[in-house]
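Asker: Chain A is already provided as a structure; the job is to place chain B on it using the hints.
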Amino acid sequence: MIPDVRAYLREGRMPHILCPGCGHGIVLGALLRALRGLQIPRQCLAVVAGIGCSSRLAGYVDACTLHTTHGRALAFATGLKLSRPELTVVVLTGDGDGLSIGGNHLIHAARRNVDLTCVLFNNAVYGMTGGQVAPTTRPGWIASTAPRGHLESALDGCALAQAAGATFVARGMAYDPLGLETLFREALGHRGFSYVEVLTDCPVYFGRYNRLGEGPELLWSQKARFTEVGRMLAEKRFVIPDGSGPPGYVEGLRFGVLHRSQRPEFTEVCWSAAKRAGGR
Amino acid sequence: MAKVRLARGNTACAYGALQAGCRFYAGYPITPSSEVAEEMASLLPRVGGVFVQMEDEMASLAACIGASLGGLRAMTATSGPGFTLMQEQLGYAALAEIPCVVVDVMRLGPSTGLPTAPAQGDVCQARWGSHGDYPMLVLSPAGVQEVFELTGRAFELADRYRTPVVVLYDEVIGHMMEPARLPSVAELAVVGTWRRPSPPVQEPYSPYAHTDGIPVPLVHFGDGVPYHVTGLVHDESGFPTTDPQAVGEMLWRLNRKLPESPAEDLEPEMYATEDAETVVVAYGISARAARAAVKLARSEGLRVGLVRPRVLWPFPRSLLEELARRVHAFVVAEMNFGQWGREVERVVCRWAEVHFVQRVDGTPLDPEAILEGIAEASRGAGSPAVAGRKA
Chain A
5 MIPDVRAYLR EGRMPHILCP GCGHGIVLGA LLRALRGLQI PRQCLAVVAG
55 IGCSSRLAGY VDACTLHTTH GRALAFATGL KLSRPELTVV VLTGDGDGLS
105 IGGNHLIHAA RRNVDLTCVL FNNAVYGMTG GQVAPTTRPG WIASTAPRGH
155 LESALDGCAL AQAAGATFVA RGMAYDPLGL ETLFREALGH RGFSYVEVLT
205 DCPVYFGRYN RLGEGPELLW SQKARFTEVG RMLAEKRFVI PDGSGPPGYV
255 EGLRFGVLHR SQRPEFTEVC WSAAKRAGGR
Chain B
76 MAKVRLARGN TACAYGALQA GCRFYAGYPI TPSSEVAEEM ASLLPRVGGV
126 FVQMEDEMAS LAACIGASLG GLRAMTATSG PGFTLMQEQL GYAALAEIPC
176 VVVDVMRLGP STGLPTAPAQ GDVCQARWGS HGDYPMLVLS PAGVQEVFEL
226 TGRAFELADR YRTPVVVLYD EVIGHMMEPA RLPSVAELAV VGTWRRPSPP
276 VQEPYSPYAH TDGIPVPLVH FGDGVPYHVT GLVHDESGFP TTDPQAVGEM
326 LWRLNRKLPE SPAEDLEPEM YATEDAETVV VAYGISARAA RAAVKLARSE
376 GLRVGLVRPR VLWPFPRSLL EELARRVHAF VVAEMNFGQW GREVERVVCR
426 WAEVHFVQRV DGTPLDPEAI LEGIAEASRG AGSPAVAGRK A
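Protein sequence lines, in the order shown, are assigned to chains A and B. In terms of the numbering used here, the first sequence opens at residue 5 and continues consecutively. In terms of the numbering used here, the second sequence opens at residue 76 and continues consecutively.
Watch out, some of these pointers could steer you wrong.
What the hints assert, rightly or not - Computed, partial: chain B to chain A, Cβ under 8 Å:
#: 1; residue: Asp131
#: 2; residue: Met133
#: 3; residue: Ile140
#: 4; residue: Gly141
#: 5; residue: Thr268
#: 6; residue: Arg401
It is worth saying that the hints were derived from the structure and are not from the lab. Glycine included, every Cβ here is placed at the ideal spot set by N, Cα and C.
Extracted from the complex, chain A is given alone in its bound form (with noise of 0.2 Å):
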């Protein structure tokens, strides 16, 4: 039975602004339950949102949600945490958002490891903007500012985020809700900045622009074109440990636990300066 989590949800504010098909309702799902499983209050919980379509979802959350600007979520959130370290701070971004302007933010929180979960939508597309490349484009795929085909490569946020130093970095995907409530739990467990990449889809622009049909076939798609993952799946592993997963992936991705380790965490560290300064 898939648990109530309209606990954490401003019901009030429904319906949401998200389009049909859109799976991004399906990761704040998968991260809701996360929290309840976990037992997190809503008073102790900060959401901070850059803007985007994902970033919106922060408005739906009911716990201490703040909005911000284009990018800088993560700046917004270290200055929070710093300041209230008691609170769970979940950022929640988009591929534009997290990873082009917002992309040194990223970097420098990960280097820092501040105790923060950062929840990256990709969908490979600008969706709130009307279906521009994102940074996370492929070459040859279809957005309204490349019309021929995209030409440039794309980025591998995990593959970033690690080689910054978040000690926590995972992927999943929103056709796989369960494996990603599995991830999202470890992440929000992690003592120090945790990354998680979740594949999601967009039907209206990217689908649309590359003729890969609605909602639902998006999703499949995202199986089909993952073909290690969907064995995994057929096999219910749902998350790899550790990264050791099988080799071979397609196009490049790899899925579940990339990454672990343990470093001082940020906000302790500064506390714990200011003690040994002689701060009360």
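Answerer: Here is chain B on its own, set in the frame of chain A:
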């Protein structure tokens, strides 16, 4: 015990912030403001606060806003180019009504300009740098002791009006050393990790209810009542709206919440204006040269006074209008091409002549240039004096 010692403006700024309870600083190095960050990095942990050097200026002010929502008084310091990058978050703080303090130590622009030279070229950027209509509170100290005092007041005003406050001074004031009465670190540390108290409220709480002036007090994230904060235009509930009536009401309230005089004791300083026929208007470092010029003019028998605003924005319109009705001419002396002077002209031109003494060459105005402007204004000469063109 607070002791008089030789200190530079940027040091006094850090002490003023800490004295006012600032316990969070996030910043990015930039000349000529970096000493503020260095002082804060050294002192904040000792008084129970947190310092963090961020990756850029957007992140710096963003982190301050986040920390402020958690209840800590928060500040950043920068100079013109960094201040430009902060405009995004400055507009956010203005609309979302999150208190924070931004110190801008002005250097000559535009662009990278002259990084080590003084100017007063950020006066309009401080007022209008972000897009849209929003309230702005900008303080202008003219000496080291006043940097200490006004930085402290900035936090109080930011909290009262729930708005960003800019402390604006130039490179000379930031770097020059003067005797100033500053508290000891032990005195600053007594308070410890201080937070603004959250008022007791019940759900549903929104910090955006309409009031006639002072906004409702902020409950901090983590203090028990969840609510929503957004940079989208929102209604009284704090949630986004596109309803024209709600949008209009919110923006009217926002843009009217700051009174013309946000603090009674921060009215412009009036020097020798009682019988003045000509009034010099100057702020910051230029006001010190202007005061010397007024003294020189008085010794030559000219009836000259000085108006020195400590709050640049909101603009002291009523006071200048009232003054304009009884004086012959104004001389606005500033280190830019008329950023505050144009506003003076707009307000007083119905009643009095306006002359300009402007220098934009990386050096401070001197009393002689202002005296020349006073002499021209006293003769009733039509053409404005522009020191910069003569230099």
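Asker: Are any of the numbered hints broken by this structure? If so, which, sorted upward?
Answerer: 6
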